[in-house]
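Starting from the known structure of chain A, fit chain B onto it as the hints suggest.
Residue numbers (our numbering), protein chains in the order written: chain A, 1 to 282; chain B, 1 to 265.
These are computed hints drawn from the structure, not numbers from a lab.
Take these hints with a grain of salt, some might be off.
Claimed, not checked - Non-contacting residues of chain B with respect to chain A, defined by C-beta distances greater than 10 Å in every case (computed):
1) Tyr46
2) Arg78
3) Thr166
Unchecked claim - So, partial list: chain A residues that the calculated Cβ filter (under 7 Å) puts toward chain B:
4) Ile30
5) Glu32
6) Met35
7) Ala37
8) Gly38
9) Arg83
10) Val98
11) Asn101
12) Asp105
13) Tyr145
14) Ala146
15) Gln149
On a predicted model such as this, the values are computed, not experimentally measured, just so you know.
Backbone N, C-alpha and C define an ideal beta-carbon position, used for all residues, glycine too.
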Amino acid sequence: MSLGFGLGLRPPHYSQVAETRPDVGWFEVISENFMVAGGRPLNWLERIRADYPIALHGVSLSIGSTDPLDEQHLIALQRLARRVQPAWISDHLCWTGVAGNNLHDLLPLPYTEAVLAHVVERVRRVQDRLGCRILLENVSTYAGYASSQLTEWEFVTEVAQRADCLILLDVNNVYVNSVNHDFDPLAYLEAIPVARVRQIHLAGHQLRPDGLIVDTHDSPVSEPVWRLYEHARRRFGDVPTMIERDAQIPPLQELLGELERARSIAERIDLESRTQRTPRAA
Amino acid sequence: MTQSTAQSDDLESLQRRFQDYVLHGNPAVLRDVAGAARAAIKMDIYADGYPQRLLEALATDYPGLKAIAGEEFNELGRAYIAACPSTLRNLRWYGQNLAQFLASTAPWSDRPELADMARFEWAMGISFDALDATSLTREALGGIGAQDWPRLIFLPHPATQCVALTTDVPRAWSAQARGEALAPVQHEPVPVPWLLTRRSLQVRFRAMGPQEAAAFDRLGTRASFAQWCGELAEMVGEDNAARQAVEWLNQWLADGALAGFALAP
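Pulled out of the complex, with its shape left as it was, chain A reads as follows (with noise of 0.2 Å):
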């Protein structure tokens, strides 16, 4: 059964999560953010793992680098899954630095034969480590490269395939790109395949008078996000949902309002669903 609809767990609202328990199905945490030895943080997760499932989302795995794989952060990463007993773990599909340094961004990778390899390699290599196959989260992009061969969707489903992982499907990433690549977003949704993905997320943007959009999770999410989540749920179906937001992060009761238009789109849409396969009386 689904978890349903969920949300990114964020400081501000550690402690009225845990006072007042939310109509929430589960939370996400930045895995990154409890890889500390002890005090309040990893107070707050333990209480609130009480009461919901908790999925590790990490943000530093940096799985297309030619740097070596972290076996220190691989490390802290197993630690704090044998504490939190996540509903799963998850990162992106790019990378984040390289020659010892880290760009704290994710960045694009080329989507070519070569780095597909060099990805499912280390994909196969972390899940190996970690036990469990792994979600990976297709990243928004402002620059792609010339030498790409292949396009997004099926290097994200090539990696999944190959390494016989996870997709956490962003939503708003894909509009994302869409707009600052310029292709059908609808036809990204399409080529991905169903089984493969585990989580969906969903996040406000900026549009730039330029013309381009940077994926900045400081707002709600915007109608043609909306508009292609309904895409989404159709599709994939009943796919554990959230919402993520980082920064000018508003008031909880906010977000659950946000959540709760999601609840409603997959309501109706899973509505439509089986009216349309209800067979008609003769």
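What follows is chain B alone, placed relative to chain A:
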């Protein structure tokens, strides 16, 4: 060279060119970016975002420094970011060298309160998410037999930090935390040691006298209680040693500064 190595080299070269643009503005990667006309505009989103994210991380870790530095905070932050590219997976640790940077880099080294505040706030951060441990209590000490006391070794709580400051930045830190207007930072005639502890997940701090700080520091070096008392007698005099030992131990227990004890062989 095998084919896969060559391919990996290609990706590594590309990633280095990309990173060089973000860190140093080297335009070589622009040839790799699709859509040459807008390549620089697109790459600048990454290049502008990098210092912005690190600056936000510094502002989160150093609210007191931001308060006393005012408009200079962004400038000193960007100087630190330029001098210290991140090599860390976790932004939590990015600001670890800021105090040292401010103490050794003009013009900020001319304002010692900046490095002091950074030192103080970093110590608070270390205390905040240090390993959990139960604080030692008077009741637990009550169960120790008189014959074992000379061999007692006290263990500081993992969240306990000591930091010596040449300015009264903890006062400024408290004022900014309460949202109050900041008074000018005062310079101390001699460095003042501060004790930071964590009780009920809350970091607390207080100034110590130089003798108390020296005694606490010695206690944390796994000196036995007998050794420690002997050195305390030299510090405060035989007549005052027992009273002073009891007073300080009680204070440290109340602070939650100690986590346990062991017995020396």
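*asked:* Going through the numbered hints above, which ones does this structure break? Give me the numbers in ascending order.
replied: 1, 4, 9 and 15
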